[in-house]
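Now for the letters of each chain:
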Amino acid sequence: MAGAGAAVRPEPPAAAAGRPSRQRTRARREAHPVLYLLGHRAALGVFTLFVVSVLVFAATEVLPGNAANAVLGRTAASNPAALHRLEAALHLNRGLLAQYWAWFSGLFTGNLGHSLVNGQPVWGYVEPRLINSAVLMLVTGLIGAVIGVVLGALAALRKDGWFDHVTSVGALAVTALPEFVVGIALIILCSTVVTHLLPAVSLLPPGTYAWDAPRLLILPVATLVIVIVPYIQRMMRAAMIEALESDYVEMARLKGVPMWRIVLMHALPNATAPTIQVIGLNFLYLAGGVVIVEYVFAFPGIGQGLVYAVDNRDIPVIQFTVVVLAAFYVFMNIITDVIALMATPRHRIPR
Amino acid sequence: MTTADPPAAAPAAPRPARIRRHQWLAVLGPAVRTPRGAVGLALAALVALVAVAGPFVAPHSPDALVTLAYGKPSAAFPLGGDFLGRDVLSRVLAGGWLLLLMAVTATAIGVAAGAAAGVSAAYLRGRSDGLIMRTVDVILAFPQLVFALLLLSILGPRLWLIVLAVGLTHAPAVARVLRSATLDVCERDFVKVAELQGMRPAAVMAKEILPSLSTPLMVEAGLRLTYSIIIMSGLAFLGFGQPPPAPNWGTMINENRDGLSLNPWAVIVPAVLIAMLTIGTNLLTDSIGRVALGVDRRPEEAALVDDLGLSAGGGR
Chain A
124 MAGAGAAVRP
134 EPPAAAAGRP
144 SRQRTRARRE
154 AHPVLYLLGH
164 RAALGVFTLF
174 VVSVLVFAAT
184 EVLPGNAANA
194 VLGRTAASNP
204 AALHRLEAAL
214 HLNRGLLAQY
224 WAWFSGLFTG
234 NLGHSLVNGQ
244 PVWGYVEPRL
254 INSAVLMLVT
264 GLIGAVIGVV
274 LGALAALRKD
284 GWFDHVTSVG
294 ALAVTALPEF
304 VVGIALIILC
314 STVVTHLLPA
324 VSLLPPGTYA
334 WDAPRLLILP
344 VATLVIVIVP
354 YIQRMMRAAM
364 IEALESDYVE
374 MARLKGVPMW
384 RIVLMHALPN
394 ATAPTIQVIG
404 LNFLYLAGGV
414 VIVEYVFAFP
424 GIGQGLVYAV
434 DNRDIPVIQF
444 TVVVLAAFYV
454 FMNIITDVIA
464 LMATPRHRIP
474 R
Chain B
11 MTTADPPAAA
21 PAAPRPARIR
31 RHQWLAVLGP
41 AVRTPRGAVG
51 LALAALVALV
61 AVAGPFVAPH
71 SPDALVTLAY
81 GKPSAAFPLG
91 GDFLGRDVLS
101 RVLAGGWLLL
111 LMAVTATAIG
121 VAAGAAAGVS
131 AAYLRGRSDG
141 LIMRTVDVIL
151 AFPQLVFALL
161 LLSILGPRLW
171 LIVLAVGLTH
181 APAVARVLRS
191 ATLDVCERDF
201 VKVAELQGMR
211 PAAVMAKEIL
221 PSLSTPLMVE
231 AGLRLTYSII
241 IMSGLAFLGF
251 GQPPPAPNWG
261 TMINENRDGL
271 SLNPWAVIVP
281 AVLIAMLTIG
291 TNLLTDSIGR
301 VALGVDRRPE
311 EAALVDDLGL
321 SAGGGR
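So the sequence lines, in the order shown, correspond to chains A and B. The numbering of the first sequence is this note's numbering, which starts it at 124 and goes up by one. The numbering of the second sequence is this note's numbering, which starts it at 11 and goes up by one.
Please keep in mind that the hints were generated in silico from the structure rather than gathered at the bench. Idealized CB from N, CA, C, for every residue including glycine. Since no wrong hints were added, every one of them can be taken at face value.
Computed footprint of chain A on chain B, listed as stretches where at least three residues anywhere in the stretch have a Cβ under 8 Å from a Cβ of chain A:
id: 1; region: 158-170
id: 2; region: 243-256
id: 3; region: 274-280
id: 4; region: 287-299
Looking at chain A on its own, in the form it has when it is part of the complex:
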């Protein structure tokens, strides 16, 4: 998980060992600003994940009194044997710390217990879904990034032209749309009322993965792409306008460099750098966005699994899924920060 980054943190220089810690920190920060920041972020990320794990554990196991009671509902009173069995399965008959430890260590050994609904091991149940969701997010992210960068660059080149106005109003409208409205609109257009080109549901036979049936990926990916493109497009447009107004573009223009070369070789790379951060943030968004879109298309991913688990109060599955999503979130946050740092040289020099 995000823990790997913590090792990067530079060792304090030996000479500074005796000084007050604040000075040492400052010395370290000034020596390697990027490494220091990375270490700082990673440490904070690990801490955040620890807090998240405690919260998730506390929330699902302690707060409602007794999860076993909650799961069994009315039958708990009439069937004490079932209650005892479930309590043992959830380790509820042990002390609080022991319960937490049993669960927390399971996160690393893969021994996460069994789903309360179908009795499958949690890891075996979640893993294929995780892979499917990862495919969905990756394909969406790549396609969305390309479309967003191209649309943003075109809008910037024709600033205040009709294309710019259409895309900016369109972006504003689309960013406001809930994902399920976009998904339903696509289903109406492509697979039910208007045309029947594509399948309305993306049900995968058990044992197959998302790449086995690319046709089923089209609508979920299209929905998520429509939702994320406006953010990337707006950022790219702003960055491109700034690049086109810069001195180096002016210089190239005065030298007589052809326009296509200025755009492709000078402005585009410089404008893409800040946009990468927004692309990273869109991956963050996707961690939450896949929940609804997977549900709309019955796509067997982690988000759909979470919705079903919440519906059935399948506590072990909920706990693990939430921790995985939070870990992804924290990890992507750090990556995004690092990219942002790399892309803006002025942040790399000591302040």
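Once you have looked at the hints, place chain B on chain A.
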């Protein structure tokens, strides 16, 4: 987050030295007179009217089985029947007000909590700042929807819980924006004068700083309202809203989508209403942001990073 403050959604624009009451009117007025603002207000107001007045003009009871399941539109039932044979028009008219009320309440909770946290973090500095902003980081480690689902899975689908969960998950993002806006305001003379006059910190924050933040507050409230509606209707769509017989636009889209080819209106009308509402609030918010900045320079790069969630600072 510690190294650089993300810029405010609407940084202090050039404006008179001391801003007082009614500034929000001074921004809202011109905003609704721009084309975007006018369209946004019209869309949002229209949907709000349907939601609020709807229950009183619905021709049938939203729960009564009065027509055929997925019945085609007819003179008596202009939008046809839903999956059980209830009147779609009546359910559409009755199914908006609670969604709207919940979204507005969650927004109020989120903006109030976020503003309180952000302003005190920026004004008090030091340990309070660190503590508040670290808490913000932890809450932001969950996708908003996942946080709401987690809470619902523990305590059961209760409406007040949905409102509270959505409100609380708005707070961190609001806190970040208002913290950086407050950092600018804190430097201004009128804050220093108030401090020299011996005003207590709480009074300085409430009476001096808060009124100067009306623009970022309005932009944040607009953004969070849009997101509240998106999340609330999304949760209802997933089946975590009012329990089944109750009409709700989000629920209607889900429960009627199997019959899309028979009676698409049962899905299209609620979907279009939700879309009109969120597009309307978003256009209005955008025009407020533009007017507040005085020029056609959108704060979007900055606002985007904050909204989308989050990033942690180092970047700017």
